[in-house]
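Student: Each chain is listed here by its residues.
Number of protein chains: 2
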Amino acid sequence: MTNKTAVTSAPILSVLAERWSPRAYDKSYQLTQNELVSILEAGRWAPSANNAQPTRYFVVTREDKNHAAIAGTLAGWNQAWAPDASAIILVGVESTNADGNVNPFANYDAGQAVAHLSVQAHELGLHVHQMAGLDIAKAAEILEVPENIHLIVSAVVGKIAPADTLEGPLHEREVAPRTRKSLDDIVLYGRP
Amino acid sequence: MTNKTAVTSAPILSVLAERWSPRAYDKSYQLTQNELVSILEAGRWAPSANNAQPTRYFVVTREDKNHAAIAGTLAGWNQAWAPDASAIILVGVESTNADGNVNPFANYDAGQAVAHLSVQAHELGLHVHQMAGLDIAKAAEILEVPENIHLIVSAVVGKIAPADTLEGPLHEREVAPRTRKSLDDIVLYGRP
Numbered sequence: 105m106t107n108k109t110a111v112t113s114a115p116i117l118s119v120l121a122e123r124w125s126p127r128a129y130d131k132s133y134q135l136t137q138n139e140l141v142s143i144l145e146a147g148r149w150a151p152s153a154n155n156a157q158p159t160r161y162f163v164v165t166r167e168d169k170n171h172a173a174i175a176g177t178l179a180g181w182n183q184a185w186a187p188d189a190s191a192i193i194l195v196g197v198e199s200t201n202a203d204g205n206v207n208p209f210a211n212y213d214a215g216q217a218v219a220h221l222s223v224q225a226h227e228l229g230l231h232v233h234q235m236a237g238l239d240i241a242k243a244a245e246i247l248e249v250p251e252n253i254h255l256i257v258s259a260v261v262g263k264i265a266p267a268d269t270l271e272g273p274l275h276e277r278e279v280a281p282r283t284r285k286s287l288d289d290i291v292l293y294g295r296p
Numbered sequence: 105m106t107n108k109t110a111v112t113s114a115p116i117l118s119v120l121a122e123r124w125s126p127r128a129y130d131k132s133y134q135l136t137q138n139e140l141v142s143i144l145e146a147g148r149w150a151p152s153a154n155n156a157q158p159t160r161y162f163v164v165t166r167e168d169k170n171h172a173a174i175a176g177t178l179a180g181w182n183q184a185w186a187p188d189a190s191a192i193i194l195v196g197v198e199s200t201n202a203d204g205n206v207n208p209f210a211n212y213d214a215g216q217a218v219a220h221l222s223v224q225a226h227e228l229g230l231h232v233h234q235m236a237g238l239d240i241a242k243a244a245e246i247l248e249v250p251e252n253i254h255l256i257v258s259a260v261v262g263k264i265a266p267a268d269t270l271e272g273p274l275h276e277r278e279v280a281p282r283t284r285k286s287l288d289d290i291v292l293y294g295r296p
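Chains A and B, in that order, give the protein sequences.
Numbered according to the working numbering, the first sequence spans residues 105 to 296.
Numbered according to the working numbering, the second sequence spans residues 105 to 296.
If we strip away everything but chain A, and leave its shape as in the complex, we get (with noise of 0.2 Å):
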């Protein structure tokens, strides 16, 4: 398998240094009850502001009736690969509180929630690849999404495959090194 562990200038968790977001999944997979419970708990634990909790999951499993119409809704690149794994879970947000006012920090903690989530899968041997490119009103038609939620990400689970078993630029971007700024690049004041 890939060596994709970050590089850090200090250590940090293994499960933070190891997650990454693979293309390449076990496409015979099942996600297990246990599983799947223990990263949607993860999600739900996360801090809010306000305790809002505003982030909402639908979880489409490969076997589920809806899955390859919710595979269609993803962006064409994504097709290729992301059906294979175990589930498609969207990401929605409350996006007003119960008061009617906008929460502004809606997105920010459905961010907040989907990185626990991410982290606990890792923690139990699965890989999450999240995707920003969605067809987000026709995935709320199938799903039937209640109309005070609005959609944001989507992002697959499930075991990941061997690299070869991805062809041309996908394969390319699975076996790539990571990369990011510098700590300099995004620490712009009190650097340590």
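In case anyone wonders, no lab produced these hints; they're calculated from the structure.
Don't take each hint at face value.
All copies of an identical chain are treated as equivalent in the list; a pair is satisfied when it fits inside any one copy or across any two copies.
Below, computed lysine to any residue pairings styled on SDA-like, alpha-carbon distance capped at 20 Å [what the hints assert, rightly or not]: (1) K131 x E271; (2) K285 x A110; (3) K285 x E198; (4) K285 x N154; (5) K285 x S113; (6) K108 x H226; (7) K169 x N154; (8) K285 x H171; (9) K285 x A175; (10) K131 x G176; (11) K285 x I240; (12) K131 x N170; (13) K242 x L292; (14) K108 x N154; (15) K131 x S118; (16) K108 x A173.
Could you slot chain B onto chain A? The hints should help.
Tutor: Only chain B this time, still in chain A's reference frame:
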């Protein structure tokens, strides 16, 4: 110390289950260089849409010349406790991509990055408490935040102190149980 461990219907990583956001911080604890680099490295390696990495950090330690001024930009109810922590980290995003287009995932990705940072802090025996209320314009002026960066949230990092160092409503909140919506409330399709 108050037991705030999440109650989950399937086990999750202890650092995720045990993470919470206290208000009682040790006024004398200084973050080590290694701790600060480690938590920022965790944020640095979080995923982001198209690897755009929009998140920027402004680290104001308790000993920093601008600490009192930045503490003064927090919402009033946070000023009573947040300055005790070892550092206030302001989090901003570069909300346009290199091509000048708005990055609709900037806030979402900042949430992910701060989640990774927080998980790493807890792994190191530190605690993080994020805060939504902030006089953004004033904080940006104090720290000379570049024009293309928008501050979105703040967070304190430090060593937890006993709950009884807080009084009144702050003490009550410190010892109250953590609560979350149920899985049934947040998983709207494909509940496991």
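Student: Would you mind marking each hint as holding or not holding in the structure?
Tutor: Here's how the hints hold up against the structure:
When the C-alpha separation of K131 and E271 is checked against a cutoff of 20 Å, the pair qualifies only within one copy, where the shortest distance is 16 Å, while the shortest distance between copies is 56 Å. Taking identical chains as interchangeable, the C-alpha atoms of K285 and A110 lie at most 20 Å apart only when both belong to the same chain, with a minimum of 12 Å there against 34 Å between chains. Taking the shortest alpha-carbon separations for K285 and E198, only the inter-copy value of 13 Å comes in at or below 20 Å, while the best intra-copy value is 32 Å. With identical chains, the CA atoms of K285 and N154 are at most 20 Å apart between copies only, with a shortest distance of 13 Å across copies and 31 Å within one.
Taking the closest pair of Cα atoms, K285 and S113 come within 20 Å of each other only inside a single copy of the chain (13 Å); across copies the shortest separation is 38 Å, beyond that limit. Taking identical chains as interchangeable, the C-alpha atoms of K108 and H226 lie at most 20 Å apart only when both belong to the same chain, with a minimum of 13 Å there against 24 Å between chains. When the C-alpha separation of K169 and N154 is checked against a cutoff of 20 Å, the pair qualifies neither within a copy, at 37 Å, nor between copies, at 30 Å. Within a single copy, K285 and H171 get their C-alpha atoms no closer than 36 Å, and across copies no closer than 27 Å, so neither meets the 20 Å cut-off.
In this assembly of identical chains, K285 and A175 lie within 20 Å of each other by CA distance neither inside one copy nor across copies; the values are 32 Å within and 29 Å between. Proximity of K131 to G176 under the C-alpha cut-off of 20 Å is restricted to the intra-copy arrangement: shortest distance 17 Å within a copy versus 54 Å between copies. In this assembly of identical chains, the alpha carbons of K285 and I240 never lie at most 20 Å apart, being 30 Å within a copy and 25 Å across copies at closest. With identical chains, the CA atoms of K131 and N170 are at most 20 Å apart within one copy only, with a shortest distance of 17 Å there and 54 Å across copies.
For the homomeric pair K242 and L292, the shortest alpha-carbon distance between copies (17 Å) is at most 20 Å, but the shortest distance inside one copy (40 Å) is not. Taking the shortest Cα distances, K108 and N154 sit within 20 Å of each other only across copies (17 Å), while inside one copy they are farther apart (36 Å). Taking the shortest alpha-carbon separations for K131 and S118, neither the intra-copy value of 26 Å nor the inter-copy value of 30 Å comes in at or below 20 Å. In this assembly of identical chains, K108 and A173 lie within 20 Å of each other by CA distance neither inside one copy nor across copies; the values are 32 Å within and 41 Å between.
Of the hints listed earlier, those the structure fails to meet are numbers 7, 8, 9, 11, 15, 16, in rising order.
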